[in-house]
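J.: Protein chains in written order, with our numbering: chain A, 1 to 719; chain B, 1 to 300.
Don't read these hints as lab results, they were simulated from the structure. There could be a bad hint or two in this list.
[Stated by the list, open to error] Across the chosen pairs, the derived CB separations fall in these ranges:
| hint | chain 1 | residue 1 | chain 2 | residue 2 | range |
| --- | --- | --- | --- | --- | --- |
| 1 | B | Leu232 | A | Ala7 | 27 to 37 Å |
| 2 | B | Pro103 | A | Ala6 | 29 to 39 Å |
| 3 | A | Ala7 | B | Asp224 | 31 to 41 Å |
| 4 | B | Leu232 | A | Ala6 | 55 to 65 Å |
| 5 | B | Ser266 | A | Leu16 | 19 to 29 Å |
| 6 | B | Gln282 | A | Leu5 | 48 to 58 Å |
| 7 | A | Ala10 | B | Asp224 | 44 to 54 Å |
| 8 | B | Leu232 | A | Val46 | 50 to 60 Å |
[What the hints assert, rightly or not] In silico DSSO-like pairs for lysine-lysine, Cα to Cα no more than 27 Å straight-line:
| hint | chain 1 | residue 1 | chain 2 | residue 2 |
| --- | --- | --- | --- | --- |
| 9 | A | Lys412 | A | Lys318 |
| 10 | A | Lys39 | B | Lys203 |
| 11 | B | Lys151 | B | Lys203 |
| 12 | B | Lys251 | A | Lys39 |
| 13 | A | Lys39 | B | Lys181 |
| 14 | B | Lys180 | B | Lys151 |
| 15 | A | Lys599 | A | Lys157 |
| 16 | B | Lys64 | B | Lys75 |
| 17 | B | Lys165 | B | Lys71 |
For each residue, glycine too, the CB sits at the ideal point set by N, CA and C.
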Amino acid sequence: MLAWLAAAAAPLVIHLLNRRRYREVPWAAMHFLMAAMRKNQRRIRVEHWLLLLVRTAIVVAVVLAVAEPLLERTGLIARSGLPTHKLLVVDASYSMAFKPTDRSRFDRAKQLAEQIVDESSQGDAFTLVLLADPPQVIVGTPSFAPADFINEIANLKLTHGGGDLAATLSRVDEILASARREHPRLVQEQVFFLSDLGRTSWAPELAVGPLEDFRERSRRLGENAAITVIDLGQPTAENLAIEQLRIDESLVTAGQTASLSAEVRNFGRQPRARQAVELIVDGRRSGEQVVDVAPGGRVSIALTHRFDTPGDHVVELKLSADSLEVDNRRYLALPVKEQIRVLCVDGRPVGGRFKSSTDFLTVALAPRNGEGLAARLKTEVVSESALLDTDLTQFDCVFLCDVAQFTEREAKILRSYLNWGGGLVFFLGEQVVADSYNRQLGPQTGPDRHILPATLGQIMEEPHYGLDPLGYRHPLIAEFRDQEQAGLLTTPVSKYFRLQIPEKSQAQVAVALENGAPFIVEEPIGRGRAILIATSADASWTAMPMWPSYLPIVQELLAYAIRGQLQDRNVFVGQPLGSLLPPGTQGDIEIQLPGGEIKRNSAGQAGADRSWSFTDTTTSGIFRAQTAVQGSAVPLLESFAVNVNTVESDLTQVTEEELSRDVWPGVRYFHRTNWANDQDTVDAEIVARSHLHLWLLWSAMALLLVESFLNWFTGRHAI
Amino acid sequence: MDEQQKYLDPQTLARLQGLELRARSIVEGYVAGMHRSPYHGFSVEFAEHREYVPGDDLRHVDWKVFGKTDKVYLKQYEEETNLVCYLLLDTSESMRYQSEGTPLSKLEYAQCAAAALAYMTLEQQDSVGLVTFDQEIRALLRPSGNPSHWKQILRLMEDSRPERKTATGPIFHDLAERLKKRGIVAIFSDLFDDVPEMLAGLKHFRHRRHEVVLFHVLDPAELDFPFEQTTLFEGMEQLPEVLSDPRSLRKAYLDEFNAFVKQVQSGCRDQRIDYVQLRTDQSLGLALASYLSLRMTRTN
Numbered sequence: 001m002l003a004w005l006a007a008a009a010a011p012l013v014i015h016l017l018n019r020r021r022y023r024e025v026p027w028a029a030m031h032f033l034m035a036a037m038r039k040n041q042r043r044i045r046v047e048h049w050l051l052l053l054v055r056t057a058i059v060v061a062v063v064l065a066v067a068e069p070l071l072e073r074t075g076l077i078a079r080s081g082l083p084t085h086k087l088l089v090v091d092a093s094y095s096m097a098f099k100p101t102d103r104s105r106f107d108r109a110k111q112l113a114e115q116i117v118d119e120s121s122q123g124d125a126f127t128l129v130l131l132a133d134p135p136q137v138i139v140g141t142p143s144f145a146p147a148d149f150i151n152e153i154a155n156l157k158l159t160h161g162g163g164d165l166a167a168t169l170s171r172v173d174e175i176l177a178s179a180r181r182e183h184p185r186l187v188q189e190q191v192f193f194l195s196d197l198g199r200t201s202w203a204p205e206l207a208v209g210p211l212e213d214f215r216e217r218s219r220r221l222g223e224n225a226a227i228t229v230i231d232l233g234q235p236t237a238e239n240l241a242i243e244q245l246r247i248d249e250s251l252v253t254a255g256q257t258a259s260l261s262a263e264v265r266n267f268g269r270q271p272r273a274r275q276a277v278e279l280i281v282d283g284r285r286s287g288e289q290v291v292d293v294a295p296g297g298r299v300s301i302a303l304t305h306r307f308d309t310p311g312d313h314v315v316e317l318k319l320s321a322d323s324l325e326v327d328n329r330r331y332l333a334l335p336v337k338e339q340i341r342v343l344c345v346d347g348r349p350v351g352g353r354f355k356s357s358t359d360f361l362t363v364a365l366a367p368r369n370g371e372g373l374a375a376r377l378k379t380e381v382v383s384e385s386a387l388l389d390t391d392l393t394q395f396d397c398v399f400l401c402d403v404a405q406f407t408e409r410e411a412k413i414l415r416s417y418l419n420w421g422g423g424l425v426f427f428l429g430e431q432v433v434a435d436s437y438n439r440q441l442g443p444q445t446g447p448d449r450h451i452l453p454a455t456l457g458q459i460m461e462e463p464h465y466g467l468d469p470l471g472y473r474h475p476l477i478a479e480f481r482d483q484e485q486a487g488l489l490t491t492p493v494s495k496y497f498r499l500q501i502p503e504k505s506q507a508q509v510a511v512a513l514e515n516g517a518p519f520i521v522e523e524p525i526g527r528g529r530a531i532l533i534a535t536s537a538d539a540s541w542t543a544m545p546m547w548p549s550y551l552p553i554v555q556e557l558l559a560y561a562i563r564g565q566l567q568d569r570n571v572f573v574g575q576p577l578g579s580l581l582p583p584g585t586q587g588d589i590e591i592q593l594p595g596g597e598i599k600r601n602s603a604g605q606a607g608a609d610r611s612w613s614f615t616d617t618t619t620s621g622i623f624r625a626q627t628a629v630q631g632s633a634v635p636l637l638e639s640f641a642v643n644v645n646t647v648e649s650d651l652t653q654v655t656e657e658e659l660s661r662d663v664w665p666g667v668r669y670f671h672r673t674n675w676a677n678d679q680d681t682v683d684a685e686i687v688a689r690s691h692l693h694l695w696l697l698w699s700a701m702a703l704l705l706v707e708s709f710l711n712w713f714t715g716r717h718a719i
Numbered sequence: 001m002d003e004q005q006k007y008l009d010p011q012t013l014a015r016l017q018g019l020e021l022r023a024r025s026i027v028e029g030y031v032a033g034m035h036r037s038p039y040h041g042f043s044v045e046f047a048e049h050r051e052y053v054p055g056d057d058l059r060h061v062d063w064k065v066f067g068k069t070d071k072v073y074l075k076q077y078e079e080e081t082n083l084v085c086y087l088l089l090d091t092s093e094s095m096r097y098q099s100e101g102t103p104l105s106k107l108e109y110a111q112c113a114a115a116a117l118a119y120m121t122l123e124q125q126d127s128v129g130l131v132t133f134d135q136e137i138r139a140l141l142r143p144s145g146n147p148s149h150w151k152q153i154l155r156l157m158e159d160s161r162p163e164r165k166t167a168t169g170p171i172f173h174d175l176a177e178r179l180k181k182r183g184i185v186a187i188f189s190d191l192f193d194d195v196p197e198m199l200a201g202l203k204h205f206r207h208r209r210h211e212v213v214l215f216h217v218l219d220p221a222e223l224d225f226p227f228e229q230t231t232l233f234e235g236m237e238q239l240p241e242v243l244s245d246p247r248s249l250r251k252a253y254l255d256e257f258n259a260f261v262k263q264v265q266s267g268c269r270d271q272r273i274d275y276v277q278l279r280t281d282q283s284l285g286l287a288l289a290s291y292l293s294l295r296m297t298r299t300n
């Protein structure tokens with residue numbers, strides 16, 4: 001647009017061209033003309049230059065008026081005291097909890113936000129957005145009450161999540177557009193980003209389409225408003241964080257010594273030696289380790305703890321303090337069971353040893369002298385006709401072996417069980433009516449009803465003498481890596497169902513046959529998991545029960561099927577909490593947040609079950625949910641652990657160069673590392689939008705009048 | 001084109017019908033025409049007697065009166081003279097100027113005016129002569145009242161070539177010495193020359209007892225300076241060219257030009273010279289008639 005300033009040369013060019021285009025006349029009275037020129041040469045020259053200057057100024061004024069947005073971005077022109085809509089975006093990702101001094105970056109951001117408000121003029125209006133994931137609009141409509149607004153700033157709370165810049169920008173856009181409609185007198189707009197410019201927030205990895213949208217939105221924002229980015233980060237911030245805390249067992253039973261593993265990572269450039277990592281279980285110190293972590297390195301920690309009592313337990317791993325404490329703690333909510341109860345549904349109960357479909361299975365689930373998981377199991381076998389009369393929620397996992405078919409009601413019960421968090425493992429066999437399975441349980445019943453991760457196809461009668469572990473990628477089969485002696489790879493299978501996994505399904509193939517046909521397929525459904533094995537649990541279709549791999553496969557199937565119960569209790573910041581309430585619970589759910597605050601949620605209906613969900617998980621820590629049980633003085637208690645996603649623990653900043661080149665190419669903004677108390681400095685960065693435009697146009701009109709007058713004055717006739 | 005027709009417009013002549021060019025002051029000439037010399041000398045026609053005083057020339061004694069009255073009286077005679085009109089025509093290059101829309105150049109207009117006066121003078125049986133000049137006297141036709149003189153005047157005017165610079169002052173001085181017989185000197189010029197020198201020349205004419213009428217011939221463009229767009233003014237009489245925006249110079253030029261005219265007028269006034277400004281877009285007949293009427297009124 002400013003290229004049109006070249007048009008300012010037009011009057012000069014026209015003047016020069018006019019001097020080349022002239023009429024020629026012979027003139028007799030030359031003496032008088034020359035005398036006139038001599039006497040008025042200087043005046044004529046001054047008048048000509050003045051006229052040229054005025055004409056050039058007209059062009060410049062018009063061009064600048066049209067190219068107003070560019071002028072606004074230069075910050076060269078002081079504001080004229082016009083009402084400004086100031087939108088403050090405060091980065092609330094947890095990296096802002098970093099304390100370079102005695103104050104955190106977030107505290108500093110709040111202080112600067114208050115300062116911006118204090119330094120504003122009467123008539124200015126303010127809105128407030130938190131750069132978070134998802135972004136939070138704190139004050140969405142322009143507030144003309146600075147004192148109230150400052151209160152809102154003071155009450156801002158840091159989240160323990162990351163920052164979604166693209167989504168935040170979208171909200172900023174909406175707020176500005178709404179303010180333009182509702183408050184047209186706010187003729188100027190200014191957007192302040194108070195952030196540490198953390199790379200994870202400011203350099204989002206977006207797909208091509210969303211990236212283009214983001215850039216276009218940013219560019220438009222830069223044209224309509226004066227953007228100021230106040231960089232509160234430190235280029236050499238050091239940080240140590242606990243990245244993981246997990247229990248090695250799928251479920252823990254009372255009396256069991258559980259193995260815990262964790263990782264500590266050094267995101268800084270300096271080595272960190274002798275860092276103490278403390279294990280705290282249920283509020284009591286249980287153990288400690290001291291680690292050394294190299295710059296950019298990770299260290300694994302292994303700990304153990306014996307859980308003596310069943311019930312909900314809370315495990316916390318705590319790292320010695322550094323400048324960012326949010327990621328120095330990791331939590332684990334652990335339901336400890338009395339026992340792991342397994343139900344086996346026998347579809348072919350036949351007398352005689354190892355004749356029924358579940359005989360081999362029950363042995364594998366509870367081997368004599370069993371250790372580990374097997375030692376904590378209690379297995380129960382029922383016939384398929386008893387399925388409807390059995391409270392499945394009393395069991396952690398249900399194995400269904402060679403069950404012929406399912407009624408609609410049975411299917412509902414099984415789906416409800418999965419939603420609750422139970423594990424279902426299907427073994428097939430001769431009795432299986434594929435059509436019934438597909439019709440009642442198959443994927444085609446829909447995402448809210450299906451139970452099986454795959455459709456049953458035709459029965460294949462072809463011998464296979466090995467299984468394909470598919471690279472041991474699936475957790476179910478991972479333990480078999482480098483364990484060839486277990487015989488998994490040589491397991492003979494003579495008969496199996498062809499399984500077909502629908503497209504866009506979440507189902508995964510854990511193990512395949514040699515010919516690539518799916519053998520073990522699993523899918524997380526509801527809060528639980530469903531696992532489908534293409535062959536029988538007994539020796540009727542496969543020699544697997546006699547193979548050394550059978551026992552560990554069954555144990556792994558069980559462990560994998562029941563791990564959903566644990567995962568539900570442990571989420572990341574921003575993910576919802578919730579559960580299905582068992583029958584007998586009543587009333588609202590009370591949720592205690594990590595800071596002690598209590599919130600209430602009402603239970604909803606998930607089919608025939610009561611359920612609840614809680615989404616305000618912006619802070620990491622232990623959340624405790626309590627609900628009353630009918631006829632009991634003891635409420636149902638559940639603990640949940642909300643942990644930070646340690647991606648945000650990497651405090652690397654986006655540099656100023658990267659900001660202008662990669663994040664906001666072509667966007668006009670001011671980058672500052674500090675904020676002055678000087679009003680003039682603040683004012684100098686705000687430029688009148690439409691009024692500058694008007695001033696320039698008025699100036700152009702005035703200059704036109706001046707030009708007309710000068711034109712007449714220099715060309716006036718003799719009096 | 002017939003020369004007479006070229007220089008004498010019927011309308012002009014019609015305007016001048018009934019008007020005469022008369023001398024206001026004493027002129028000399030030989031007896032003829034309409035003008036009576038106030039000099040009482042001893043010439044052809046007896047006018048009156050006067051008493052003899054000792055010392056008078058006895059040749060003029062009227063002896064018949066002495067015989068009758070025994071008193072000595074002298075005869076007084078009236079001389080009949082004709083008016084001599086000298087037409088001085090500026091044929092310098094500047095007189096060639098003719099602005100757009102103007103029917104005649106200054107020279108052509110001056111020639112017409114001179115022709116009209118010549119015609120009038122000859123019609124009233126007075127004598128008229130013509131001098132064309134620029135920086136030198138180019139042609140000099142001695143005054144004559146012969147009707148055939150008219151054609152010579154016209155021919156002389158036709159042969160004028162306005163190509164040179166002006167030098168009115170020295171020319172006027174020269175002519176003042178050369179024009180022996182007193183008469184009316186009618187000057188047709190734009191006077192684009194050194195004014196003091198020019199006025200000094202005119203003064204010389206007055207010193208030689210000539211009656212001077214200054215016909216200041218000017219083009220309307222010179223008087224009004226109507227130019228608007230950038231113009232390259234090409235100087236005449238070897239003056240340089242000037243490229244300028246006329247609008248910015250208009251006032252200053254007009255100030256200069258008007259000051260020049262005022263200076264000429266003032267100089268003429270001081271020397272009792274009639275100043276007549278002739279615009280070349282004006283009706284010549286009207287202009288001359290106006291002047292001659294006024295002159296006749298003043299003379300009577």
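J.: Going back to the hint list, which numbers does this structure go against?
T.: Violated hints: 2, 4, 5, 7, 8, 9, 10, 11, 13, 17; rest satisfied.
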